[in-house]
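Protein chains in written order, with this note's numbering: chain A, 55 to 330; chain B, 17 to 792; chain C, 34 to 191.
Do not take every clue at face value.
Here's a subset of chain A near chain B, in silico, CB distances under 7 Å, partners left out [said to hold, decoys possible]:
1) Met55
2) Ala57
3) Arg241
4) Ile242
5) Asp305
6) Leu306
7) Gly308
8) Thr319
Examples of chain B residues toward chain C, derived with CB under 10 Å [to be verified]:
9) Ala37
10) Thr197
11) Ala200
12) Arg201
13) Leu222
14) Gly225
Quick caveat, the hints were computed from the structure, so don't treat them as lab data.
C-beta: ideal position from N, C-alpha, C; glycine also.
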Amino acid sequence: MIASRFQYYRPETLDEACQLYMRLQEAKKMPLYYGGGTEILTRARESAIRPDAVLDIKHIPECRRLEMAEDTIVFGAAVTLDEICRTNYWPLLSDAAGRVADHTTRCKITLGGHLAGTIPYREASLPFMIFARDAKITVQGPAGPRRIPLVQVYDGQLHLGSAEFVVDLSVPRSVRDYRGASVKTTRIDWVDYPLFTVTMVRDSSGVRAAFSGVLADPFTSASIDKILSGKADLSQRARESVAQMNPIIDDLHGSSAYRRFRLTTVISQLLQEIGE
Amino acid sequence: MSTVGESVRRKEAPNKVTGRAKYNMDMQSPGTLFAELVTSPHAHARIRKIDTQNASKMGGVKAILTGDDVAFLCGEVLEDRPPLAKGKVRYFGEPVAMVVATSEADAILASLAIEVDYEMLGVVNSPLGGLEKNAPLVHERAGDYVKAKPPVSPESGTNIADLAKIRKGDMAQGWKSASVTVEARFSLPPIDHAAMETRSAKVEILHDGRVLVQSTTQAPFEVQKLLSKYFGIKQGKVVVETPLVGGAFGGKATVQLEVLAYLASKAVDGRLVQLVNSREQDLATSPVGTGLQALIKLGADEKGRLSAAELTFWMDAGAYTDSSPRMARAIAAECTGPYRVDNVSCDTYCVYTNHTYATAYRGFAHMPMTFCIERAMDKLAKQLHMDPLQIRQLNAIQPGDTTPTQVTLNLSRLGDLRACIERMETLLGWEPGKAPTHISGDLVRAIGVSCFWKTSSSPQNAISGAIITFNQEGSMNLATGAVEFGAGTKTTSAQILAERMDMSIDDVYIHSHVSTKVDPEHWKTVASLSTFMVGRAVLDAADDAIRQLKTLAAVILRCSPKDLAVSQGRVYIKDDPTMNVAFKDIVHGYQYPEGNSIGGQIMGRGTYIVRHLSPLNPEDGEGRPGPSWTVGCQAVEVELNQRDWTYRILRAATVIDAGRVINPKGARGMVMGGMCQGLGYASREAVRHDAEGHLLTNQLRTYKLMRVGEQPKYLVDFVETAQIDAPYGARAVGEHGVLGIPSALANALSAAAGIEIDQLPATPEMLWTLKTGGIL
Amino acid sequence: MLSYPEPGPLTLNVNGDMLSLTPRPADTLLYSLRQELGLTGAKPGCENGDCGACTVMVDGLPIKSCLMLTAEAEGREIRTVEGLNNTVLQDAFMDAWAFQCGYCTSGFLMTAHALMEREPEADEATIVEWLRSNLCRCTGYEEIVQAVKAALEQTQRS
Ligand code: FES
Ligand code: FES
């Protein structure tokens with residue numbers, strides 16, 4: 055059970071949530087915005103965190119948007135990964151999000167929580183990182199919501215100001231036109247934390263890739279994209295790009311040498327898959 | 017009407033699919049107090065100070081206990097384990113203190129407020145590490161501990177907790193006749209039982225002195241005896257109940273939480289206290305299955321006939337012995353695998369390490385032991401250019417051969433391994449000598465095989481019992497002391513009773529809970545012995561009831577009891593079944609038409625005690641460790657991707673000599689489940705520690721189990737060589753599905769990858785490292 | 034705004050019944066179902082989202098009840114194993130011997146039941162993807178997959 059005590063609030067508007075957060079902070083309380091809550095609950099049970107209040111943002115209409123309009127696709131922060139896969143507005147995102155945890159848990163994990171949490175993999179962010187130039191994020195803060203380029207607040211980790219939370223992410227509908235693929239590898243189990251996840255797309259200007267589980271946080275790299283877009287044969291491109299990655303994680307799931315080996319095979323396989 | 021041999025549904029099935037089946041923590045009593053453990057974050061450290069001041073002032077706290085409050089040591093064989101650590105901690109997760117509070121939340125919060133000051137000590141992180149020259153000592157004076165159930169031979173000043181020896185034949189002669197030898201080292205990690213239900217115990221001490229215990233134990237009668245012994249309470253005052261158990265696999269046969277819950281209840285004036293393992297505690301604090309290191313030397317003549325086996329096993333006993341000394345003897349007793357070897361020398365060491373202590377796990381250490389032998393057999397076959405099944409067929413142990421402990425075998429005791437191997441060849445479509453097959457691109461398929469045997473290694477005086485009472489309508493109630501944790505023990509015993517009485521299984525009622533107060537003792541529900549022992553007791557009880565039924569019916573039907581038989585709830589005259597009397601008219605006494613009554617209640621009483629077992633001689637191991645053996649042959653087929661060293665497990669097969677299959681779907685399910693566990697251990701499961709001995713796998717997201725989609729296609733078949741003294745000839749089959757599977761998988765992968773897999777788990781990373789040296 | 038700053042009375046819709054209880058705001062749905070409502074079909078196996086033994090249905094989807102607050106479940110439709118009665122699925126589980134100890138069974142049943150409602154035409158890959166949210170330590174899994182397939186086939190036929 056969760057031994058510590060916290061309060062539960064279910065704000066209905068963006069402002070209400072933010073105001074309440076600030077009020078609690080002023081009262082020297084530690085509030086947490088609560089999306090799917092999977093990480094908050096497991097960590098609270100272990101007493102690794104002791105929030106004083108959770109603010110469940112799932113009933114704020116703006117956070118629940120999941121729409122494909124004429125020119126943009128919007129993913130509300132409180133949309134679950136399962137909903138993202140089920141609607142499949144952006145197949146590349148479905149690919150990446152559909153490999154997080156297991157199906158039942160994906161019915162609970164929300165996109166916002168997935169990005170804001172402390173579990174470092176954040177695989178569902180990889181497609182957005184690839185389209186960083188075009189991806190937008192709406193952040194609610196004390197001054198109201200603001201819609202800004204994703205890169206301003208997300209570089210593999212989310213950097214938000216006090217009392218701020220994610221409302222939605224959006225990308226131009228044209229992201230659907232790119233040929234792309236995402237591969238997650240694990241130590242051996244299908245359901246496990248990743249050894250690493252690689253997402254890759256290709257357009258006329260070349261190949262772009264994003265990685266998770268390789269370095270401390272998800273990342274993209276212009277120099278790696280350049281190598282991947284080069285003329286060398288696929289396995290050489292793979293080797294050269296992996297050589298750029300340092301220091302590669304060494305943990306329970308796999309050594310860095312092994313990650314390096316698997317990355318090399320997966321990258322060349324992906325290059326092939328996207329038509330290089 | 018035949019019930020034996022039918023796949024009758026388990027008795028408790030309808031309750032299990034409606035959420036109505038009750039497990040230990042499904043029954044709550046208002047007013048229960050909650051105990052919570054503070055456990056060690058270090059593998060080996062001196063306890064400088066435990067500060068409970070802040071915690072004791074917290075809301076709801078009723079009592080706090082530490083090692084200083086407990087004056088005795090526990091241990092089934094050797095009393096070496098303080099229920100709460102005293103002076104020092106010896107493994108990550110060891111209980112250090114315990115809080116009792118009015119609510120679960122308060123108990124947890126207070127446990128977090130207890131501060132323990134530790135001074136780090138060096139750690140023993142593997143059995144061989146424990147034998148190194150300057151290894152830290154896990155126990156300084158192990159030789160001084162009380163030996164509760166000898167034999168056990170701890171050596172002070174070392175980490176050796178015990179040594180079991182086998183000396184059979186003449187080793188010099190054995191090596192002389194050998195024209196080929198193999199020598200190999202193996203290293204296998206501990207395994208966790210990982211039953212889906214974690215362990216828990218509730219204890220209440222009444223003011224009349226009775227102690228009421230309800231726990232997830234596989235061994236309620238052992239809990240009763242140990243509590244009685246540790247706390248000086250008369251056995252009759254200790255009542256232990258076990259409801260349905262959510263998986264056990266040996267891990268719930270050990271007595272741990274019951275002792276702690278008793279201490280907790282005692283500290284709060286005997287009030288009802290519950291102690292429940294979180295998953296993290298179940299993995300770290302409660303015992304695991306043993307890890308094993310080994311050095312195996314086999315010698316064979318040019319035809320492949322084994323002539324010598326020199327074997328050394330080092331068990332990872334962990335911080336305390338628990339049942340490890342018994343497992344050491346079990347390994348020793350079957351150390352050659354199911355093969356005839358006339359010259360054997362085997363030393364099995366129990367080594368103390370700073371790991372969670374080991375206890376029985378499905379197969380009683382035979383799974384890792386079998387791994388070493390079966391891998392060595394494949395190496396031998398390779399050297400001799402022999403087919404792996406052929407070399408096993410050639411050496412398969414036969415009636416007339418002797419075991420490492422010098423028991424002479426006969427067909428009834430042993431079963432027919434050769435028939436199992438033959439059946440396996442058919443099942444697999446085996447092509448002798450076939451090399452791994454390239455499928456396409458980087459994919460290679462290979463099959464690995466193995467054989468196993470196992471006896472019970474149970475105490476020489478293990479007992480069981482059964483009591484049959486009748487309802488007035490003529491149906492029966494069957495009481496036995498075997499726990500139902502999924503193996504279908506209760507249903508099987510009901511089948512045996514129905515068969516003997518020639519009645520419908522629907523007319524046999526069982527109680528899925530066990531209580532030491534009303535149920536006749538069954539030693540422990542372990543070692544796959546329940547069908548045999550309980551079954552024998554049930555048959556004995558049935559015969560007793562039949563005798564009484566006939567005696568009474570003989571009076572009514574005016575004949576000799578010898579003229580009578582029972583069937584379909586009636587006692588009838590054999591040569592004229594129209595003359596009969598219904599059970600319903602006699603089981604609660606018979607009333608003559610004019611009103612007078614005779615007879616009284618009919619109650620069948622049956623017992624069984626194992627016979628002719630003897631302890632193993634400490635010098636050469638001679639002795640008889642179990643009533644019979646179960647033998648079998650297993651195989652695993654893999655498809656390996658030689659590009660990235662990932663693989664799929666395509667098929668897993670078992671042929672087992674079951675003696676007689678009492679419940680085909682039940683037996684098949686047990687074997688498949690065993691194979692699945694074996695595959696899990698072979699491919700992913702491992703209790704893992706860092707260099708300081710911290711447990712890295714204390715959740716199910718790091719201690720990985722197989723999931724749907726990862727299981728292979730299962731092939732299961734049975735050979736039926738009756739064990740004459742067993743109920744309907746049925747042999748033990750509960751544990752065995754697991755035994756040879758890890759070795760079969762490793763044999764398959766070794767062949768497919770062209771490497772020697774002598775450690776586990778065989779992850780793609782391990783294959784890659786072995787193949788390439790870990791160099792890109 | 035709905036708020037539970039303190040343990041407070043709330044009403045849950047469980048198996049069609051409106052049930053009142055007074056959970057702490059930090060109580061999980063698993064805890065409340067078991068401890069307050071006596072619905073012990075959902076089992077704790079890890080309380081960490083790893084095993085699926087606690088799976089229930091919430092608004093038609095499988096949810097691990099250890100990963101949901103009771104307060105969060107307010108206003109939603111909860112279905113537990115106790116709400117299944119005489120279904121094709123339960124029969125199929127008994128027929129296929131899809132359990133031994135039975136501890137994982139409620140969770141598997143609820144995952145499978147949600148699957149049957151949401152994906153009545155589920156193919157093998159979908160069945161596997163849903164079911165691998167749950168752990169079983171006793172069976173070889175084949176029995177469970179067979180039971181679910183049999184139940185799906187039977188409902189498709191009728
Ligand atoms: S108890 Fe909820 S997933 Fe294990
Ligand atoms: S039947 Fe025991 S865990 Fe599944």
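Going through the hints against the structure:
1. Met55: holds, 5 Å
2. Ala57: Holds. Min distance 4 Å.
3. Arg241: With a closest approach of 6 Å, the arginine 241 of chain A hint holds.
4. Ile242: Status holds, d = 5 Å.
5. Asp305: The hint is violated - aspartate 305 of chain A has no Cβ within 7 Å of chain B, the shortest such distance being about 9 Å.
6. Leu306: holds, 6 Å
7. Gly308: Given a least distance of 5 Å, the restraint on glycine 308 of chain A holds.
8. Thr319: holds, 5 Å
9. Ala37: holds, 5 Å
10. Thr197: violated, 38 Å
11. Ala200: This hint is violated: alanine 200 of chain B lies away from chain C, its Cβ roughly 30 Å from the closest one there, beyond 10 Å.
12. Arg201: Violated, because the Cβ-Cβ distance from arginine 201 of chain B to chain C comes to roughly 31 Å (cut-off 10 Å).
13. Leu222: With Cβ-Cβ at 25 Å, over 10 Å, it is violated.
14. Gly225: Check failed: Cβ of glycine 225 of chain B comes no nearer than 31 Å to chain C, outside 10 Å.
Hint compliance for this structure: hints 5, 10, 11, 12, 13 and 14 are not met, and every other hint is.
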